[in-house]
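Visitor: Could you build all of it, start to finish, from the sequences and the hints given here?
Chains as they are written, first to last, in our numbering: chain A, 81 to 231; chain B, 81 to 231.
Fair warning: there could be bad hints in the mix.
Same chains, same label: a pair holds when it works inside one copy or across any pair of copies.
[To be verified] Dumping the calculated DMTMM-like pairs for lysine to aspartate or glutamate here, alpha-carbon to alpha-carbon at most 25 Å:
hint, residue 1, residue 2
1, K180, E143
2, K131, E184
3, K131, E170
4, K114, E159
5, K151, E121
6, K131, E155
Note that these hints are calculated values from the structure, not bench results.
There are 2 protein chains.
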Amino acid sequence: MNADYINPFLLSTVDVFQQMLGLELVREAPFIRKEFASQYEVTGMIGMTGKTTGTVAVSLPCEMALAITEKLLGERPPEVNAQVVDAIGEVTNMIAGAAKARLEHLQLSLGLPTVILGCSTRIAFPSRATPISIPFRSSLGPLVIEVGILA
Amino acid sequence: MNADYINPFLLSTVDVFQQMLGLELVREAPFIRKEFASQYEVTGMIGMTGKTTGTVAVSLPCEMALAITEKLLGERPPEVNAQVVDAIGEVTNMIAGAAKARLEHLQLSLGLPTVILGCSTRIAFPSRATPISIPFRSSLGPLVIEVGILA
Numbered sequence: 081m082n083a084d085y086i087n088p089f090l091l092s093t094v095d096v097f098q099q100m101l102g103l104e105l106v107r108e109a110p111f112i113r114k115e116f117a118s119q120y121e122v123t124g125m126i127g128m129t130g131k132t133t134g135t136v137a138v139s140l141p142c143e144m145a146l147a148i149t150e151k152l153l154g155e156r157p158p159e160v161n162a163q164v165v166d167a168i169g170e171v172t173n174m175i176a177g178a179a180k181a182r183l184e185h186l187q188l189s190l191g192l193p194t195v196i197l198g199c200s201t202r203i204a205f206p207s208r209a210t211p212i213s214i215p216f217r218s219s220l221g222p223l224v225i226e227v228g229i230l231a
Numbered sequence: 081m082n083a084d085y086i087n088p089f090l091l092s093t094v095d096v097f098q099q100m101l102g103l104e105l106v107r108e109a110p111f112i113r114k115e116f117a118s119q120y121e122v123t124g125m126i127g128m129t130g131k132t133t134g135t136v137a138v139s140l141p142c143e144m145a146l147a148i149t150e151k152l153l154g155e156r157p158p159e160v161n162a163q164v165v166d167a168i169g170e171v172t173n174m175i176a177g178a179a180k181a182r183l184e185h186l187q188l189s190l191g192l193p194t195v196i197l198g199c200s201t202r203i204a205f206p207s208r209a210t211p212i213s214i215p216f217r218s219s220l221g222p223l224v225i226e227v228g229i230l231a
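Guide: Now the structure itself:
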């Protein structure tokens with residue numbers, strides 16, 4: 081994967097969390113995830129098509145997914161429910177949308193966000209699009225975004 | 081979701097399994113999945129963008145994912161590995177590609193297939209795109225496809 085694609089997603093994630101959620105993210109070192117390593121319990125995913133195709137995933141612990149939903153809706157859901165799914169899907173959509181604006185030359189269109197729930201769930205990308213993982217920490221907890229784009 | 085979108089995915093699934101894998105699928109009654117019900121252990125997903133956006137998911141048990149990979153590669157992988165991920169991703173891609181041809185007026189582009197692995201994993205669609213599930217059975221085992229498209 082072309083490393084030029086990473087920075088737009090990194091900057092967009094920081095911007096979305098700061099502007100929409102008032103949350104400062106601290107970036108840690110990007111890494112290439114070992115095959116089939118687990119993510120956190122809640123993962124928003126969205127596909128992108130255009131001059132290339134790719135997927136961005138935003139993975140975070142349940143507690144942080146609940147805290148983000150509370151920030152967006154003003155009320156904390158009692159558990160991971162449809163409101164949380166919509167909130168995390170929307171955050172994923174906003175990150176992909178902000179990255180799309182930074183990657184204008186790729187003329188990306190965004191798909192429908194979906195949200196994967198489960199402990200020890202693993203999300204595998206095709207071998208031709210190894211994703212790069214960018215971990216962040218914040219006062220509400222950690223998260224990691226993963227970006228896999230055809231080279 | 082518009083029910084007219086279901087038939088192209090149903091027919092495409094039957095065709096892909098018959099033509100690519102020599103496997104006859106028997107369709108069972110489509111249903112609207114209860115919020116957050118579990119899928120099988122291996123689920124291929126692909127996003128679609130165009131005049132609408134949507135996602136198709138193909139979910140099947142590990143054993144069937146291994147059998148399909150064996151049919152495609154001529155050799156059975158020892159476990160669910162990168163070969164299985166690529167094979168199930170490719171089957172998902174073929175189903176979406178065949179449905180895209182049947183839905184020409186929507187001018188769909190396909191994203192990158194990803195594969196979700198895990199027991200008790202749940203895949204949630206946004207509340208504005210409730211998916212329809214279509215279960216099938218075959219001599220190799222069951223599978224279910226889910227299609228969520230913005231109405």
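Visitor: All hints, please: hold or fail.
Guide: Hint check results:
For the homomeric pair K180 and E143, neither the shortest alpha-carbon distance inside one copy (28 Å) nor that between copies (38 Å) is at most 25 Å. In this homomeric assembly, K131 and E184 come within 25 Å of each other (Cα to Cα) both inside a single copy, at 10 Å, and across copies, at 20 Å. In the homo-oligomer, the alpha carbons of K131 and E170 lie at most 25 Å apart both inside one protomer (24 Å) and across protomers (20 Å), since each shortest distance falls under that limit. Taking identical chains as interchangeable, the C-alpha atoms of K114 and E159 lie at most 25 Å apart only when they sit on different chains, with a minimum of 17 Å there against 30 Å within one chain.
Only within a single protomer do K151 and E121 lie at most 25 Å apart by alpha-carbon distance; the minimum there is 19 Å, versus 33 Å between protomers. Within a single copy, K131 and E155 get their C-alpha atoms no closer than 40 Å, and across copies no closer than 35 Å, so neither meets the 25 Å cut-off.
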